[in-house]
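Now for the letters of each chain:
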Amino acid sequence: MCRHCSVGAGPHHNEVLAVEYVEKALREASDIASLQVVVATGGEPTLFPKHLELLIKTAADFGFVTRLVTNAWWARTLETARRHVKRWRELGLEELNISFDDFHLEYLRLFGGEENVVNAARAAVEEGLRTVVAVTRTRETKIDASYVRKLLGDLAEEVIVTDDFISPTSRASELFEEAVGNLPPFGGCAHAGSEISIHPNGDVAFCCGHIITDPASAWFTRVGNITREHLWDVVDRIQRNVLIWYIRFIGPHVLVKKFNEEEEAKHLCHACHLLATKYWKELETRGKEWIINDLKKEVKGLHVRVLAK
Amino acid sequence: MNLDNFLLIPEEATNLANDLIPQPQVCTPWVCAGVFAVALYVVVVWSWGVVINVATAVDIFCRVIGPPKYSCG
Chain S
1 MCRHCSVGAG
11 PHHNEVLAVE
21 YVEKALREAS
31 DIASLQVVVA
41 TGGEPTLFPK
51 HLELLIKTAA
61 DFGFVTRLVT
71 NAWWARTLET
81 ARRHVKRWRE
91 LGLEELNISF
101 DDFHLEYLRL
111 FGGEENVVNA
121 ARAAVEEGLR
131 TVVAVTRTRE
141 TKIDASYVRK
151 LLGDLAEEVI
161 VTDDFISPTS
171 RASELFEEAV
181 GNLPPFGGCA
191 HAGSEISIHP
201 NGDVAFCCGH
211 IITDPASAWF
221 TRVGNITREH
231 LWDVVDRIQR
241 NVLIWYIRFI
251 GPHVLVKKFN
261 EEEEAKHLCH
271 ACHLLATKYW
281 KELETRGKEW
291 IINDLKKEVK
301 GLHVRVLAK
Chain W
1001 MNLDNFLLIP
1011 EEATNLANDL
1021 IPQPQVCTPW
1031 VCAGVFAVAL
1041 YVVVVWSWGV
1051 VINVATAVDI
1061 FCRVIGPPKY
1071 SCG
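Chains S and W, in that order, are what the protein sequence lines are. For the first sequence, position 5 matches number 5 in this note's numbering, and the numbering has no gaps at all. Start counting at 1 in the second sequence, then tack on 1000, and there's your number in this note's numbering.
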C-alpha cells in the first residue's frame, strides 16, 4: 500500500456510499448555493465504475462542476485511456485530477508505469477536460512538478501540475521525519467549513483534509450523517460551530501552540490531528467560551497584522 | 466524542459574527466638516498661493534676466 497515504486507503477498504445516498446527497447539496463542485475521490474511485458513473451523471445533471481524482491505473495505453475519458466526458465530467509521485509510481508499475499519466492526461486534454497532475512530496522524493512537466512534453502547457506536501497522518505518520512543514506564517485552513466530504457510511466531515479517515482523529471532522438527516442540518451545524470558525480563520496550529509551545505541527491537517488526539482533553476542558474569547482576541490581532503588512 | 460542545445557538452566532467583522468607519459630522475645511483651504488658498508664487517668480526672472522672447509681455 502507498506509504504516503494520509487517508489510510488500501485494498482492505472496499466500502462505498450506497447508490440511494449518492442521489440523496447530491439532491440536497444542489439546494445549497455555495456548494458548486463535486469531487469523486478515494482511495481510487474508478474501482467502483457504476457508482462513479452515477455520481458524475447525477452531479452534472444537478449543475455541479465535476472532478475525478485518480491514479491513472486504467490508462496503460492511449486507446484505453481515450475510451474511459470519453465515457466520463459524455456523462458530464469536467476535470481530471491525476495523483502521481514516487509513492504512486511503486504500484502504478503493476499496471503500466509513468506512461499511464501521459496517456490519461493526453486523453483528457483531447476531450477538453481541465487536467491536473498533483504531486505529493517529502524531503526524500525525486518526482516533483518539474519532473512531471518534462514527462508530459508537449502536453505540459495544457496541464496544471501542482506540488503538494505530505501530511504525517494515518500511514504517512511513519514519514514524519521526511515531511516538509508547509504551514502558512499566519491564517487558517481555507477548507474547513467551505468543503464537506461524504463517506461510505454516510458520515459528513467539515473538510476534505488528510485526517477524514484517520482511525485516531477522523471523529474530529465528522459532524453528521447523510443516512439519518438532511444535508442542510449538517451544514447548519458546521456553520454554527465556533471551533470550526477558529480552525478556518485562525488555524488549528495556533491552538496547538497555545497548548504546547514546543509542539511543531507539520501541516494544518496534522495540527487538527494533534487537537483530536494529544490535546483533545485540554481543548474540551477550556470549552466554548474560551474559544469564543480567544477567537475575538486573535481576529483583532489579525486585523492589526494585515494592516501592518 | 464530537464537537457539539462548541455549537453556538443562532443568536450567539450572529452576535459573534458582528463582533468579528470589522464595522465600516462612519464619518462623524465633525470629521466631515474638518475634511471639508482642509479641502477648501487647499483649493482656495494654496492654489492661489501657487499662482501668486509663480507670478512672482516670473516677475523676478524678467527683472533679473530680462524678458524672454515670447513671454513677460
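Since the hints were derived computationally from the structure, they do not count as laboratory data. On a predicted model such as this, the values are computed, not experimentally measured, just so you know. Incorrect hints may have been included.
Said to hold, decoys possible - Which residues of chain W face chain S? A partial, calculated answer using Cβ under 10 Å:
{"id": "1", "residue": "M1001"}
{"id": "2", "residue": "D1004"}
{"id": "3", "residue": "N1005"}
{"id": "4", "residue": "L1008"}
{"id": "5", "residue": "A1017"}
{"id": "6", "residue": "T1028"}
{"id": "7", "residue": "V1031"}
{"id": "8", "residue": "V1035"}
{"id": "9", "residue": "V1058"}
{"id": "10", "residue": "D1059"}
Backbone N, C-alpha and C define an ideal beta-carbon position, used for all residues, glycine too.
Tested hints:
no. : hint  : verdict
1   : M1001 : holds (5 Å)
2   : D1004 : holds (8 Å)
3   : N1005 : holds (6 Å)
4   : L1008 : holds (5 Å)
5   : A1017 : holds (9 Å)
6   : T1028 : violated (21 Å)
7   : V1031 : violated (20 Å)
8   : V1035 : violated (21 Å)
9   : V1058 : violated (46 Å)
10  : D1059 : violated (48 Å)
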